[in-house]
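Protein chains in written order, with the numbering used here: chain A, -1 to 115; chain B, 613 to 727.
For the record, the hints were derived by calculation from the structure and aren't laboratory data.
It is possible that some hints are incorrect.
[Unchecked claim] Heads up, simulated DSS-like pairs for lysine-lysine below, C-alpha to C-alpha not over 30 Å straight-line:
#: 1; chain 1: A; residue 1: K68; chain 2: B; residue 2: K625
#: 2; chain 1: A; residue 1: K1; chain 2: B; residue 2: K669
#: 3; chain 1: B; residue 1: K669; chain 2: B; residue 2: K625
#: 4; chain 1: B; residue 1: K669; chain 2: A; residue 2: K36
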Amino acid sequence: AQKVTQAQTEISVVEKEDVTLDCVYETRDTTYYLFWYKQPPSGELVFLIRRNSFDEQNEISGRYSWNFQKSTSSFNFTITASQVVDSAVYFCALSEAGSGGSYIPTFGRGTSLIVHP
Amino acid sequence: KAGVTQTPRYLIKTRGQQVTLSCSPISGHRSVSWYQQTPGQGLQFLFEYFSETQRNKGNFPGRFSGRQFSNSRSEMNVSTLELGDSALYLCASSLADQGVVNEQFFGPGTRLTVL
Chain A
-1 AQKVTQAQTE
9 ISVVEKEDVT
19 LDCVYETRDT
29 TYYLFWYKQP
39 PSGELVFLIR
49 RNSFDEQNEI
59 SGRYSWNFQK
69 STSSFNFTIT
79 ASQVVDSAVY
89 FCALSEAGSG
99 GSYIPTFGRG
109 TSLIVHP
Chain B
613 KAGVTQTPRY
623 LIKTRGQQVT
633 LSCSPISGHR
643 SVSWYQQTPG
653 QGLQFLFEYF
663 SETQRNKGNF
673 PGRFSGRQFS
683 NSRSEMNVST
693 LELGDSALYL
703 CASSLADQGV
713 VNEQFFGPGT
723 RLTVL
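Please build the complete structure, drawing on both the sequences and the hints.
Written as structure tokens, this is what we have:
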């Protein structure tokens, strides 16, 4: 079973629309970390946000907001008033402790967001 | 501040050869992680080094190895290349120990093609 599921393979919107990217994760650890990254066409991954398992506060950063809900094991990402520059592949990731006590990050398959002008 | 740099950017090798990729982290960052990205398997974690010690390791065969030098620069090596090793190899650096649970800064990647 996938540990991080991004069910939306591709989303296409028109500029100024709001869009939500879904992320569902699976872990037995009580301490874990969740991330969102953006990979624009240039290829370089860009860190967007990190959340630890003890901090369920939602966060807003400009047009970006994140909704972390442990009850549903979800960490969704919303872009408000999307812009063409938001076009990229977005990855959700989970870091949890492996059997040896070290942390192993697992990435979802990514959601390709296309924003049309 | 200069970002994470990776060399070379593109590489073509044949099956059975070995390859060494290099990563220079952001100045002051002591954690370096490596990732493999392929269309089939997606993004997968290889390993992380901090202060010349391997801190975390993903589920890859022993053909994949790495090391970190005292100046925090890191190299990864893949021996006995297979066609399936064709991928974009990404390096990331972090200020913190356990970079994989903190903010990481990624380089542009090395595109390896195995023929």
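Going down the list of hints, with the structure as the test:
1. K68/A to K625/B: violated (45 Å)
2. K1/A to K669/B: holds (17 Å)
3. K669/B to K625/B: holds (25 Å)
4. K669/B to K36/A: holds (23 Å)
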